[in-house]
Amino acid sequence: MTWVWELLRAVVGTVLIFTGVAVVAAMFGVLLERKIAGWIQSRLGPKHVGPQGLLQTIADTLKLLQKENIVPKNADRLIFASAVIVVPLAALLDYVVIPFGTAGGRPLIFRDLNVGVLYFAATSSLVVVGILMAGWGSNNKYALLGGLRSAAQMVSYEIPIGLALITVAMQAGSLSTLAIVNAQTGPGHLWYVLTQPISFLIFLTAATAEVNRTPFDLVEAESELVAGYFSEYTGMRFALFQLGEYGEMFAMAAMAVTLFLGGWHGPGLPSVLWFVIKLYVLIFVFMWVRWTYPRFRIDQLLNFSWKFLIPLALLNLVVTAFFVMVVHG
Amino acid sequence: MTQIAWIIPLLPLAAFVLVIFWGERLPGRGAFVSIAGIVLAALAGLAVLGDVLGGAHADPTYTWAVVGRRLLTVGFVVDPLSAVMLAMVGVVASLITIYSVGYMAGDARYTRFFAYFSLFQFSMLFLVLADNFLFMYMAFELVGLCSYLLIGFWFERPKAARAALKAFITTRVGDFSMMIGLLLLYLHVGSLRFTDIFRAIELGGFGGPMLTTAALLVLGGAIGKSAQIPLHVWLPDAMEGPTPVSALIHAATMVAAGVYLVARTYPLFFLSQSHEALTVVAYIGGITALFAATLGLVEDDIKRVLAYSTMSQLGYMMLGLGVLGYSAGMFHLITHAFFKALLFLAAGSVITAVATNDMKQMGGLARIMPVTFWTFLAGTLALTGIPPFAGFFSKDAILLAAWTQDKLLWALGACGVFLTSLYMGRVIWYAFAGQYRGAGAAQPGGPGTGAPAAHAARSGHDAPALHESPAIMTTPLVILAVFAVFLGWLGSETIGNPFARFVHFPGVEAPPQNLWLLLVSILIAVAGWVAAGAVYLWRIVPSDSLRRSFGPVYTLLLHKYYIDDLYAWVFLRLGAVVVWLAGAFDQYVVDGLVNLTGWLSRQLGLGLRYLQTGREETYLLLVFLGVVIIVLVRLAW
Amino acid sequence: MVTLTHYLVLSAILFALGLFAVVTRRNGVAILMGIELMLNAANVNLVAFNKFTAPQALQGQIFALIVITLAACEAAVGLALVLAAYRSLETIYVDQINLMKW
Amino acid sequence: MSGEALAFWVLAVITLGSGVVVVTSHNIVHSAVALVPAFLGVTGLYVLLNAEFVAVIQVLIYAGAITVLILFVIMLTEGGTGLRVPQRNEQGAVGAAVALAMAALLSTVALRATWGIGTRTLVYTPGDIGQSFLGPNLLVFEGTSIVLLVSLIGAIIIARKED
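Just so you know, the protein sequences line up as chains D, S, A and R, in that order. Quick note on the working numbering: the first sequence kicks off at 1 and runs consecutively. Quick note on the working numbering: the second sequence kicks off at 1 and runs consecutively. Quick note on the working numbering: the third sequence kicks off at 1 and runs consecutively. Quick note on the working numbering: the fourth sequence kicks off at 1 and runs consecutively.
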């Protein structure tokens with residue numbers, strides 16, 4: 001049963017390494033976010049800490065680390081505390097199946113599951129449990145409303161994501177992420193963003209909703225809900241939520257790169273670099289969208305998923321199935 | 001083209017989808033789309049016919065679903081039989097659809113009419129191409145549905161709604177029989193594909209009485225669709241639908257589906273023990289041919305006369321198939337489709353003009369509507385089998401085959417020929433000869449159909465001015481008339497009967513020519529015309545006196561042999577008795593027992609109700625408690 | 001060495017836990033949770049039998065997947081019922097839902 | 001102790017421990033949250049049993065959807081307001097006895113019986129399962145989809161507000 005160990009090692013390894021990497025990535029992501037926001041709104045953004053404000057997030061993190069961990073008086077302490085672990089953990093678990101590139105002929109992936117794509121969908125759906133726990137545990141109506149909204153929203157948008165994943169898997173003939181990446185290279189094979197543009201758009205839209213970003217960010221709509229489900233969290237716990245959120249966003253972007261943009265493949269540059277470039281292009285798109293569009297209303301948001309995205313994704317699925325049938329005969 | 005023949009039915013289907021959803025916004029309010037669909041299908045059908053004439057053949061099959069170890073395959077077949085039908089259905093349906101633009105003008109549901117029409121054309125073409133019983137059955141149901149929709153098209157009129165229901169239910173009886181038949185075949189052969197079934201029968205894997213039973217059950221479907229005795233009652237009533245519908249469904253296509261089914265599954269009948277099943281087909285056809293012709297004699301509604309004539313002619317086709325005249329029966333189907341569509345459309349043209357279906361209200365129309373008259377006459381001559389019109393060749397071939405097989409069947413057919421001439425002559429002279437008898441062409445309406453009423457309403461005050469129908473209606477008439485006049489030569493022995501060489505069933509020899517028989521049948525047809533003339537034109541024997549002297553017969557015919565009443569009586573009165581008995585039994589015996597049980601339970605329940613807590617937890621607990629106790633008891637034993 | 005029996009005993013205990021929840025809980029949602037536990041226990045059995053007694057067949061896993069699907073249906077309908085009951089009766093304690101009782 | 005045995009015992013403890021919390025906690029939200037580790041423990045068992053596809057579906061459906069649905073309904077109905085209301089009915093003792101008896105009974109059966117042991121150990125791919133669903137098990141598959149559709153419609157009809 002060595003593979004059980006291997007799997008455990010993969011999961012633990014991912015969590016450990018990516019706690020490190022994700023902390024850096026999330027910190028950099030926050031800085032990027034603020035810089036892009038500033039750029040789009042014709043401001044400067046953080047500028048004073050370090051050269052061009054590069055160390056701003058580190059300073060913020062240090063500040064958060066020193067802050068007091070406040071627990072509201074009537075909060076459900078156990079749930080309140082454990083929610084903080086669930087959210088980033090669920091986000092980090094996503095990375096097990098994401099291939100980052102190749103090194104010495106071996107793909108850089110923690111574990112190439114033959115159900116990889118489904119694994120991704122499954123773990124990313126766990127985040128919502130943590131969010132509900134946070135919303136409930138805070139014993140605060142804004143937090144609870146934020147949590148409920150988030151549950152409704154994430155459950156709704158998991159379906160288009162799943163349908164988009166399936167179209168790609170059907171075309172590649174495999175659920176393994178490595179196989180999908182490899183199916184997008186070589187002569188006669190296009191990136192799936194070209195053969196499955198609708199799936200790509202659906203995935204990107206639903207992923208934006210899944211990570212609760214504008215225009216789907218009413219989970220934490222400041223004007224209505226203060227800060228949503230993490231209103232009551234302070235200090236390090238707040239930082240952990242931020243970590244989970246950015247981790248989830250990077251995971252979604254990485255998955256989009258894997259499924260639609262040919263993964264690590266690209267001419268000239270080292271494969272990991274290619275992956276990172278594609279990843280940051282998508283991250284930029286996420287941020288760009290955030291600072292460009294206004295927020296949806298909750299009913300519009302749910303209707304958009306159920307009445308537009310899901311039917312469209314289903315139609316796309318049928319069409320894809322038809323073509324796959326015709327091609328593979 | 002033959003390899004992609006499955007596209008043909010899809011053209012009208014596409015037209016249907018477009019017209020039903022976006023019809024009002026399409027060119028010609030959907031009519032043009034519908035026409036484009038069927039005309040393209042007709043052209044493709046003709047192309048396929050050309051290919052098949054050149055020897056092409058296709059019977060591809062695809063696996064549709066695998067259920068366990070069972071394989072469901074679907075496919076289509078292109079052979080001479082289906083190619084001829086494709087071309088015929090395409091051409092006739094195209095002409096009728098074009099004609100409908102004129103006929104249906106001004107109708108409130110104009111667009112929907114064309115949508116249904118396209119759906120029907122799809123179903124019919126699908127039926128023709130089916131290479132297995134599953135598709136055949138699906139198509140049968142589809143044409144049944146379309147005929148329901150189209151007969152009941154003017155559903156505001158209770159008669160139309162009832163007629164639609166009647167048609168639907170009556171044909172369903174036949175379809176049900178067909179379903180049982182094909183289940184039987186599937187059970188024994190394990191496939192629904194025609195060729196598989198035929199091969200199994202040829203190899204002796206399936207035969208004997210069971211085969212005859214299956215064949216007769218399948219024949220049940222054909223009888224229902226082709227309005228043969230005893231499931232004929234729906235066809236006359238179906239004339240409540242718009243005239244193009246009558247022309248399309250009740251002349252050219254749907255009713256032909258039954259005959260086509262028999263032809264398509266001919267080996268089923270042919271290989272049954274000593275052709276038993278074929279004999280049944282022949283007798284049903286022969287009796288229907290004569291029976292329907294007698295009914296045509298006393299009917300005053302021009303469309304109903306044509307409906308009876310259709311039944312009668314379908315009887316001839318069945319008769320032809322039944323007496324081993326495979327090519328003759330099919331040839332009659334083709335020629336009949338053309339001239340009967342022509343007759344119906346011409347009748348529709350007349351009805352539009354005079355706004356009534358009653359022949360006695362017409363008269364003298366030959367001068368007013370020359371095109372309609374001449375085309376109608378051409379169709380009539382073709383129908384009555386006067387040489388050299390189309391019907392002559394096909395009907396004569398059937399009679400020849402009948403003579404070779406069974407003299408009694410020949411006699412039935414020959415009587416039918418006489419009566420056909422008689423009632424068609426009656427129509428001609430009532431409707432087109434003499435003076436116009438319409439009491440108030442100025443106030444049309446009455447029992448007239450919706451479209452003529454609308455037509456008349458538009459024409460307003462100058463209604464009395466009867467006039468020829470517009471070109472869009474007369475053009476198809478002329479084209480069809482050309483077919484009615486010349487098509488017959490394809491089956492002429494003088495040029496070697498090309499049709500029979502093209503569409504024939506291997507193993508059936510064409511009977512030798514018999515010149516005497518030919519002359520006799522011509523004489524019979526002419527005699528019918530003469531008799532008709534004697535009664536209705538020269539009035540040597542006035543029809544009133546005939547009616548008096550044949551009083552009982554006349555009444556019998558007028559009531560359609562009381563078959564509708566018989567059905568009503570059997571299914572309503574007898575049903576009522578059965579229901580009453582069942583009701584009494586139910587009320588006194590069953591209810592008594594039930595009440596007793598109820599009383600007992602009630603008494604029991606009064607005692608036991610305290611056990612019912614209304615909570616599933618308790619119940620579930622008791623269930624598992626029971627399980628534990630039972631196991632413990634069992635272990636302790 | 002983990003044998004089939006290990007899994008069977010584990011699933012028996014899980015099943016009993018679920019049963020306990022179903023027969024003793026008052027809250028409708030908690031009863032549904034108990035049912036989910038019982039279904040999970042059954043699924044463990046199915047998959048374990050699949051692996052240990054008939055590894056060449058897939059029926060156990062197929063069956064487990066179908067049970068999961070039906071569990072999703074059951075949860076959806078059951079929770080909808082709980083919601084509807086809460087709306088009209090303002091309670092989700094099943095022993096207080098007794099309108100139809102004698 | 002082999003790796004497999006260690007994994008099994010850890011998963012068993014997680015599953016049964018959370019199961020106990022689910023059925024005994026007086027706080028319904030705690031019960032619902034405890035479902036997650038219980039389901040994840042079962043997922044681990046599936047992985048041990050080489051059923052990766054079932055495992056992933058288990059996470060997706062149970063942990064990801066059903067738990068969320070349950071939490072959602074708890075919060076839409078009374079949430080934690082019922083903390084002071086007794087959560088257990090009067091048949092607690094009998095229920096515990098019956099549950100214990102059932103566990104003992106089933107365990108006895110499992111321990112006493114001898115099972116036929118298959119020899120080969122295979123890796124089941126999602127493709128195999130798909131082939132099986134659309135091949136020999138087509139009817140079950142279609143039947144399940146119809147049930148799914150019907151319950152979807154039913155849930156919507158039942159849960160929507162009268163208006």
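Rather than coming from a laboratory, the hints here were simulated on the basis of the structure. Check before you lean on any hint, since a few could be wrong.
Said to hold, decoys possible - Derived pair list, reagent style DSS-like, types lysine-lysine, alpha-carbon separation capped at 25 Å:
1. D:307 - R:161
2. D:63 - D:35
3. D:141 - D:67
4. R:161 - D:63
5. D:141 - D:35
6. D:73 - D:63
Unchecked claim - To give an idea of the chain A side of the interface with chain S (calculated C-beta under 7 Å), a few residues:
7. 68
8. 90
9. 99
Each residue gets a CB set at the ideal place from its N, CA and C atoms; glycine is no exception.
Against the structure, the hints:
1. Distance restraint check for residue 307 of chain D and residue 161 of chain R: the Cα-Cα separation of roughly 19 Å lies within the 25 Å cut-off, and the hinted pair is therefore satisfied.
2. Simply put, residue 63 of chain D and residue 35 of chain D have alpha-carbon atoms about 20 Å apart, close enough for the 25 Å limit, and the pair holds.
3. A threshold of 25 Å between alpha carbons decides the hint, and for residue 141 of chain D with residue 67 of chain D the separation of about 24 Å falls inside it, so the pair holds.
4. Between the alpha carbons of residue 161 of chain R and residue 63 of chain D the distance comes to roughly 48 Å, so the proposed pair goes past 25 Å and is violated.
5. Taken as a hint, the residue 141 of chain D and residue 35 of chain D pair is broken in the structure, with Cα atoms around 33 Å apart against an allowance of 25 Å.
6. In summary, the hint linking residue 73 of chain D to residue 63 of chain D is supported, as the alpha carbons are separated by about 24 Å, within the 25 Å threshold.
7. Given the 7 Å rule on beta carbons, the hint for residue 68 of chain A is violated: about 22 Å separates it from the nearest Cβ of chain S.
8. The interface hint given for residue 90 of chain A is broken, as the beta carbon of that residue sits about 18 Å from the closest beta carbon of chain S, more than 7 Å.
9. Contact between residue 99 of chain A and chain S, as hinted, is not supported at the beta carbon level, the nearest pair being about 9 Å apart and thus beyond 7 Å.
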